[in-house]
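Letter by letter, the chains look like this.
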Amino acid sequence: MTDTNTNMRLKLPITCFILEIILIILFGVLVEYDKETDARKWHHSNHSEYDNDFYYRYPSFQDVHVMIFIGFGFLMTFLQRYGFSSVGFNFLIAALALQWATLMQGFFHGMHGGKIHVGVESMINADFCTGSVLISFGAVLGKTSPVQLLVMAVFEVTLFAVNEFILLNAGGSMTIHTFGAYFGLMVARVLYRPNLHKSKHKNSSVYHSDMFAMIGTLYLWMFWPSFNSAITAHGDDQHRTALNTYYSLAACTLSTYAMSALTAHDGKLDMVHIQNAALAGGVAAGTAGEMMLTPFGSMIVGFLAGIISVLGYKYLSPILESKLKIQDTCGVHNLHGMPGVMGAIVGAVTASLKSASYQGGIQAISLAVTLGMALGGGLLVGFIMKLPIYGAPSDASCFEDSIYWEVISAYYDEGQSSLVLLS
Amino acid sequence: MTDTNTNMRLKLPITCFILEIILIILFGVLVEYDKETDARKWHHSNHSEYDNDFYYRYPSFQDVHVMIFIGFGFLMTFLQRYGFSSVGFNFLIAALALQWATLMQGFFHGMHGGKIHVGVESMINADFCTGSVLISFGAVLGKTSPVQLLVMAVFEVTLFAVNEFILLNAGGSMTIHTFGAYFGLMVARVLYRPNLHKSKHKNSSVYHSDMFAMIGTLYLWMFWPSFNSAITAHGDDQHRTALNTYYSLAACTLSTYAMSALTAHDGKLDMVHIQNAALAGGVAAGTAGEMMLTPFGSMIVGFLAGIISVLGYKYLSPILESKLKIQDTCGVHNLHGMPGVMGAIVGAVTASLKSASYQGGIQAISLAVTLGMALGGGLLVGFIMKLPIYGAPSDASCFEDSIYWEVISAYYDEGQSSLVLLS
Amino acid sequence: MTDTNTNMRLKLPITCFILEIILIILFGVLVEYDKETDARKWHHSNHSEYDNDFYYRYPSFQDVHVMIFIGFGFLMTFLQRYGFSSVGFNFLIAALALQWATLMQGFFHGMHGGKIHVGVESMINADFCTGSVLISFGAVLGKTSPVQLLVMAVFEVTLFAVNEFILLNAGGSMTIHTFGAYFGLMVARVLYRPNLHKSKHKNSSVYHSDMFAMIGTLYLWMFWPSFNSAITAHGDDQHRTALNTYYSLAACTLSTYAMSALTAHDGKLDMVHIQNAALAGGVAAGTAGEMMLTPFGSMIVGFLAGIISVLGYKYLSPILESKLKIQDTCGVHNLHGMPGVMGAIVGAVTASLKSASYQGGIQAISLAVTLGMALGGGLLVGFIMKLPIYGAPSDASCFEDSIYWEVISAYYDEGQSSLVLLS
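Protein chains in written order, with UniProt numbering: chain S, 1 to 423; chain W, 1 to 423; chain A, 1 to 423.
Because the hints were derived from the structure by calculation, they are not lab data.
A few of these clues could be false.
Repeated chains share a single entry, so a pair holds when one copy, or any two copies, can fit it.
Unchecked claim - Calculated pairs, DSBU-like style, for lysine-lysine (alpha carbon to alpha carbon, straight line, at most 35 angstroms):
#: 1; residue 1: 115; residue 2: 354
#: 2; residue 1: 268; residue 2: 41
#: 3; residue 1: 41; residue 2: 354
#: 4; residue 1: 323; residue 2: 202
#: 5; residue 1: 323; residue 2: 198
#: 6; residue 1: 354; residue 2: 268
#: 7; residue 1: 268; residue 2: 115
None of these values were measured; they are calculated from a predicted model.
Please construct the entire structure, taking both the sequences and the accompanying hints into account.
Right, dumping it as structure tokens:
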């Protein structure tokens with residue numbers, strides 16, 4: 001793959017323009033305001049303006065929105081020379097994915113007289129689906145071109161909506177993390193680079209890039225209660241989901257710090273663990289959070305999720321790379337994969353305990369279907385992404401902004417390594 | 001202009017103290033709680049505590065507040081040595097402007113028995129007016145003293161409130177961007193510096209300053225739906241405005257990335273475009289967003305706004321500087337000026353289509369009045385700001401924090417350029 | 001204290017695991033959902049889902065949550081080599097404190113049939129109590145191990161809840177700042193290090209660390225209206241509190257800038273003042289904010305708070321260190337201590353004016369009790385923290401991340417100071 005290949009002058013504009021024009025046409029044909037956003041439909045019914053769902057969902061939507069663009073975007077800026085791409089490609093593919101998800105979710109989840117209805121609920125669902133794509137992005141971070149990522153987003157959003165359709169929306173939050181993680185891991189497997197060691201020195205953080213990543217971590221951590229509760233039923237359900245997630249995350253943070261120190265020879269905390277594993281409690285409480293899990297149950301779930309996640313970063317990720325040839329840049333298997341599966345199991349058990357075992361069975365089947373769809377879909381889409389036409393970086397130029405971004409020249413002054421990252 | 005001249009030891013405290021004492025006195029004489037914030041007035045009526053407008057406006061207010069202080073503040077930190085001033089002067093003039101705007105907007109928009117009423121609506125309107133001042137700040141960024149900026153804020157807020165008064169609030173969001181941009185451009189024209197090339201090497205970004213600027217960009221992008229909808233009518237109107245803005249921004253992001261790659265010889269993305277042009281969709285949907293523009297219409301508007309804005313940065317800004325002698329540091333003409341005018345035209349057309357052409361005519365007249373007021377006001381205020389008494393920086397010390405801020409000494413170690421920005 | 005001593009491999013995991021397991025057990029025994037989060041209790045009553053308090057408190061809670069984790073966390077990242085610890089230890093002790101506070105506040109403020117009820121109100125109160133601990137953290141920043149901080153958090157939360165119990169919650173927001181500040185100052189006094197000058201060169205900021213700190217400052221500033229109003233009565237009270245705080249902060253910002261320039265020989269602004277003193281208006285309006293203080297009164301309070309705070313940083317902090325042997329790293333006395341006392345006095349006076357002097361007397365007594373509890377508690381807990389078993393850093397390795405965190409090696413390349421903070 002040569003420099004000419006990675007030149008985006010035509011590839012990226014053509015892809016963006018075609019996709020956006022298709023989106024605009026399909027929106028023109030298929031999309032209309034729902035009852036809560038349409039002037040006539042809304043005023044046709046007899047209710048207070050204050051009953052509009054905007055007031056009961058929009059604050060949660062904005063928290064989710066911050067998680068998608070700031071949370072995921074900055075979480076991935078930990079790489080020393082890949083900050084522009086992390087936050088910038090996150091921005092690009094999220095902007096595409098939320099539009100495409102609106103269409104796909106609307107199409108599969110029920111049209112209204114041939115039309116897709118949009119409002120704050122569709123915005124939240126579109127952001128959720130986008131979150132799944134961004135999780136997959138984490139697995140291939142640094143090794144893909146923006147065009148490749150846009151292609152991935154289109155296919156992944158479609159398959160995610162199909163998966164939701166099959167599950168009749170029974171999977172809830174679990175599907176976001178589990179689907180995103182295993183889809184991304186399978187794509188990373190197909191895109192395996194045996195000579196990735198050529199850019200190994202750039203596949204690490206520097207002091208300030210770790211600080212930027214903490215902005216992403218904290219916004220994800222703080223707003224995860226909103227994420228899990230954004231679309232649950234109004235009233236006590238939404239309230240309880242936020243509360244359970246809050247406790248799960250708090251307990252997870254304590255076990256993450258404990259495990260990070262315990263697994264280091266010199267007892268020093270590792271920023272990778274703090275930035276990622278402390279969030280596993282939010283993932284693991286995703287399915288059962290709306291049930292009567294209790295704060296006690298939530299804390300146990302979060303506590304275990306933190307332990308599992310740190311152990312994954314420390315011991316499992318190296319094995320995934322050496323044995324299974326999965327180069328998982330952000331360790332999404334440890335943050336979204338295992339905790340997502342754990343969350344599904346907790347959900348199945350909690351549902352069985354509280355109601356009929358029937359509910360628990362549905363949760364278990366949902367997990368199996370999601371894993372199958374994610375792995376199969378990732379395999380397929382991975383091969384589509386492997387076509388040598390998207391301008392992917394060479395093995396030596398992975399984890400490097402300057403391939404796709406204008407970066408000031410002193411950035412490259414290798415003779416004076418002190419100039420790196422400076423003017 | 002000498003170093004003694006830029007010494008702020010007396011100039012800044014005197015200006016701040018006089019302005020704040022005047023504000024306090026005028027607030028004491030003129031301002032009182034509105035019905036929703038006054039204990040007696042509120043409890044006099046018979047309604048639920050939950051009907052207080054606080055619950056239906058305050059979350060939107062907080063989003064707007066974040067845009068004003070973090071959004072605008074960090075968006076301007078892209079300059080390598082001007083981060084303290086960008087975020088710090090933004091903070092100072094915003095804190096002044098929101099107080100002054102409360103008085104001016106209250107005075108011109110209707111007193112109640114000789115009193116100005118305040119509550120969450122006045123807070124949102126004051127923040128909006130402040131936004132207009134911060135847009136103008138972007139045009140003169142790096143070339144002005146804090147005292148000069150405070151003077152600009154006082155006059156601009158006053159003229160902005162007069163403009164709103166003339167338009168009977170018909171202009172809406174459009175006036176914020178259009179007024180702020182053309183006012184600022186005219187001020188920049190009057191303050192033209194033929195020898196600005198002396199500090200040219202500082203008028204650019206470094207790697208980390210671009211990362212900080214992305215924080216500003218993303219908060220503006222995420223919360224723009226709240227900005228456009230914060231003050232629209234409750235119910236479907238507010239809901240629809242947020243929805244339309246969301247789609248306009250998403251489409252704008254795709255066209256911005258496309259145009260940024262397309263207009264670069266090597267196809268590399270330019271951070272200036274991503275940081276700014278991707279926001280043009282929010283500006284352009286500002287007027288028509290509350291109308292039945294539809295997601296389809298919103299996406300077309302955003303798509304075109306992104307294209308126009310990138311083209312402006314690439315081809316128009318150099319011409320503005322060389323031909324019209326307007327040194328527009330942040331390119332506010334491309335982000336707020338042209339997209340603001342475009343938004344006004346879209347609003348006029350949409351209003352004409354959906355209702356009477358009468359409405360469209362009002363929108364068109366509003367645009368003309370706003371442009372006239374902004375250019376005339378900017379001319380006048382520019383000359384007031386040109387008086388050599390405010391401690392403006394010399395041509396060689398523009399875009400430089402150390403003129404007005406304590407900065408650690410190693411920052412200046414020019415002999416070792418590697419020390420710049422470090423200890 | 002040797003390097004072996006600061007090794008956290010066993011100390012930190014044991015502390016975290018024991019504390020979290022105790023918490024989980026106590027939550028299992030004592031905690032249950034309140035009426036608003038429990039499926040049965042909520043549906044037992046006859047009301048609309050929209051009446052759930054979630055919709056009237058949760059947006060405020062999220063603002064407070066951001067202040068706790070981003071606000072306090074990043075405000076303390078100003079130190080050049082202590083960013084990981086500032087934001088990371090803040091994260092750890094806050095995650096512990098909010099769980100412990102839920103138990104202690106629930107226990108002291110009223111059990112329901114032997115059970116502690118949790119919901120959004122308890123979440124806000126727990127975050128408030130956590131804020132008090134983080135203020136104390138600011139006083140000892142850079143000189144303590146994470147285990148020491150966890151021990152401090154457990155004791156301080158307990159004493160804070162006892163203090164609230166004694167005051168019958170009459171103190172409100174004032175207690176958070178006053179208790180946190182004087183408790184922390186007393187701990188700092190007990191932990192006095194006569195040889196702290198050995199790490200003096202690291203007890204200062206660099207350019208980018210000051211930029212990160214401004215993120216913390218601005219989030220605290222923007223969301224302080226939510227902080228002061230989060231738990232006040234619904235309706236006009238909550239609305240008015242937010243409004244008053246907004247004006248107090250705006251006025252405070254003007255006086256802070258004025259005083260910062262005025263007290264500098266060369267008239268240059270000092271980032272320490274801007275980052276901290278501009279927030280004093282939020283503290284000082286904490287008690288009287290919910291009363292009929294009026295915007296006029298709020299602005300006077302904020303204006304004076306900014307002046308007092310800058311003067312404290314400039315003239316009082318050096319005296320506190322040299323005469324009273326209190327090494328207050330973040331100057332919490334100037335941001336939370338004096339403005340907190342001022343706020344209590346303003347509250348007492350306002351209460352006396354508007355209602356009976358009886359109310360004013362209660363406020364005055366509350367202040368005295370809080371100061372006594374904070375100083376006495378800080379003394380006791382300071383001695384507990386002084387035990388040489390927690391792995392505190394040596395005098396020469398204070399303000400240094402690498403004691404407790406994995407930091408890339410080039411960070412330490414003292415021979416090439418340009419490499420510090422880089423790869």
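Results of checking the hints against the structure:
{"no.": "1", "hint": "115 / 354", "verdict": "between (38 angstroms within a copy, 21 angstroms between copies)"}
{"no.": "2", "hint": "268 / 41", "verdict": "neither (60 angstroms within a copy, 46 angstroms between copies)"}
{"no.": "3", "hint": "41 / 354", "verdict": "between (39 angstroms within a copy, 16 angstroms between copies)"}
{"no.": "4", "hint": "323 / 202", "verdict": "within (23 angstroms within a copy, 44 angstroms between copies)"}
{"no.": "5", "hint": "323 / 198", "verdict": "within (19 angstroms within a copy, 49 angstroms between copies)"}
{"no.": "6", "hint": "354 / 268", "verdict": "neither (42 angstroms within a copy, 56 angstroms between copies)"}
{"no.": "7", "hint": "268 / 115", "verdict": "neither (56 angstroms within a copy, 39 angstroms between copies)"}
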